[in-house]
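A.B. asks: Read off the chains here:
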Amino acid sequence: MSPQSNWCRCTSCHVGYGWKDKDFDFASSENVDCLVCHDSTGTYRKFPTACGEPAYEEKKFGGKVFKPVDLRTVARNVGSTSRTTCGRCHFYGGGGDGVKHGDLDSSLLKASKALDVHMDVKGLNYSCTTCHVTKAHQISGRIYSQPAPNKHQLALPKDDGERLACESCHSQTPHKKENVLNHHVDKVACQTCHIPRYARGGVFTKMWWDWSTAGKLDKNGKVIVKKDEHGNLLFHSKKGGMGWAQDVEPEYFWYNGSMSYFRSSDKIPPQNGVNREPSKSLEINSLKGDYEDSKARIFPFKVMRGKQPYDPENRTLVIPHLFGKKGTGPYWGDYDWEKAAEVGMREAGLPFSGKIDFIETGMYWPITHMVAPKEQALSCEECHSRNGRLANLDGFYLPGRDRWRMLDSLGWAALGLTLLGILLHAGLRFVSAGRKGGQS
Amino acid sequence: MKVKLYLYTRFERFWHWSQAFLIIFLMVTGFEVHGSYKIFGYDAACRWHNQAGITLLALSAFAIFWHLTTGQWRHYQPSFDNLRGIIGHYLIGIMRGDKHPFHKSEERKLNPLQSLSYLFLKVVILPLQLVSGLLYYYYNEWINWGITARLDGVAFLHTAVGFVLLLFLVVHIYLTTTGGTLLSYTKSMFTGWEEVEE
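Residue numbers (numbering that gives the first Met the number 0), protein chains in the order written: chain A, 0 to 439; chain R, 0 to 197.
I should point out that these hints are in silico values taken from the structure, not numbers from a laboratory.
It should be emphasised that the depicted structure is a prediction, and the values quoted were computed from it without experimental measurement.
Where a beta carbon is used, it is the ideal one built from N, C-alpha and C, also for glycine.
Be aware that a few hints might be false.
Label pairs and their computed distance ranges (CB to CB) [unchecked claim]:
(1) R:L174 with A:G415: 15 to 21 Å
(2) R:G70 with A:L416: 36 to 42 Å
(3) A:H229 with R:V130: 54 to 60 Å
(4) A:V179 with R:L174: 35 to 41 Å
(5) A:V179 with R:T8: 34 to 40 Å
(6) R:I172 with A:K294: 47 to 53 Å
(7) R:I142 with A:K112: 55 to 61 Å
(8) R:Y137 with A:K112: 21 to 27 Å
(9) R:L120 with A:E374: 41 to 47 Å
Pairs of lysine to any residue residues, derived as SDA-like cross-links and limited to a Cα-Cα distance of at most 20 Å, are as follows [claimed, not checked]:
(10) A:K186 with R:I142
(11) A:K176 with R:W47
(12) A:K176 with R:N49
(13) R:K37 with A:R388
(14) A:K186 with R:L150
(15) R:K37 with A:K294
(16) A:K294 with R:W144
(17) A:K175 with R:N49
(18) R:K37 with A:R402
(19) R:K98 with A:S431
(20) A:K294 with R:I146
(21) R:K98 with A:A432
(22) A:K175 with R:Y137
(23) A:K176 with R:I142
(24) R:K98 with A:H424
(25) R:K37 with A:S384
(26) A:K176 with R:A43
(27) R:K37 with A:E381
(28) R:K37 with A:S378
(29) A:K186 with R:I146
(30) A:K186 with R:Y137
(31) A:K186 with R:V153
(32) R:K37 with A:R400
(33) A:K176 with R:R46
(34) A:K186 with R:Y136
(35) A:K176 with R:L165
Take the sequences, apply the hints, and build the full model.
C.D. replies: Shown next as structure tokens:
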């Protein structure tokens, strides 16, 4: 899925305030909506499909009423950024609370210490910008090895020097008692030990999204909607099947801070040979770095898996047209993948063979928030054991996990044989001593 | 006739038993760090293993000093005198109740088999283990020392020699039962006095 051809919806968060057509200048600062970050009245909300504009008159979306905002009141209340303002986009990425990130959801608004030691409302009570110190309106954060798709500066590319890290505040040697822990920070990221699980605040995060089952309607041609007992969407005719989880153990990979992205023009290799995902599936973003890379450390991730439509002839992912008038090809109306892909790919200026199939995909989301109290940091055994959390990472020797089967077998066998020999020898000694005792 | 000889001085006995304790403790914690079983927990096993290793290193420094200054190192001068006879004694003679072919004295308290195996232990096995252990301990400094090797080579050596030491220990303990009585050798390692045949 991609913003292209679906601009009006996606630009509600991604840069593109007032998006009109393909030639919109994403890099221009005039087109960045300041009020979203800096509104403190809590009334400024964008209308979901209004191309990044808020509701100027009362409108309805999915049963929710969007009250018109009073821009003057909002403008008079421009305050410093808060968790609510940043969260409005970052908690709801992907269309719902906690859907995308897994470590950023609305439970952080009233965080306890158990959920996040820094944003704990009764403790440090950090806002996002306490850590993400803004400098000339560039927010420090993750860097991208390449800017967001199509040259549009959606992300905030930063150079390494200004990059925000736990070490910015804690230094490289935060552990006083245990020097062995400080020895780990060159190969194990702080987050790996300090965020044992994510989505701990009671909000579920999406783990699986299967577009291949979308389009199934009930007997009357109506949309089917299935939810679990927590209200999580399990199936929707428009979107397909979904899986959700909370309190999830992250997956761990070597990561040097940069990723490469699979772009809509890229060809899907016949077998995505990258070892991180089970063969056939495709990595939407690939993590860079391995053990040999001195900048790479073991980092925790949420891996969002799913099935997406692709063009089996051209071997590209397709960009289906989702929104629009019924009959003009939008998937969410006509439920025809081929037609939706045809329109979408034409919009994007990409070739399309007319065929659709589905491919399994995986996408990596770094886990960096929801730092747990120090008592909950990973114990040594979580990693240093035969089937610990790092069981699947190879290419380096991890004490307690790794061994040489030959050496161990040989060693223990030799011990067994030695003991056997001793037993035999002692037995013979005992018997012959007894015989002599009997004779004399 | 039997005579009593004072073979093991106070320092030697202290050194022997503390070394024995340290090596056994290092084995127990070492194989836990290796992942063979769980006793103390990884954190404690790791820390105590390091501490015991450093202690053994310090003890060895004293022991080397002692060997050199007292001339006790002479007992470890390799000798192949009647080596075959001694091995034969342990395999067959001991069953017949034969006398030990080696004659212990204050000048030469270790039989050739002992002096060879202890020499091997002291100049090859233990140094290998101490050096690989130290390298392991300072793994995080390797970059600063310009060592680009991986941990696995050192870990392999350290584990392999660990097994060798384990085998040595088992055989060594068994052979202590081959004196006049099962415990007489052990006793003399506590008292320093050993009864030998004239």
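A.B. asks: Tell me the numbers of any earlier hints that the structure contravenes, in ascending order.
C.D. replies: Violated: hints 7, 8, 15, 23 and 35.
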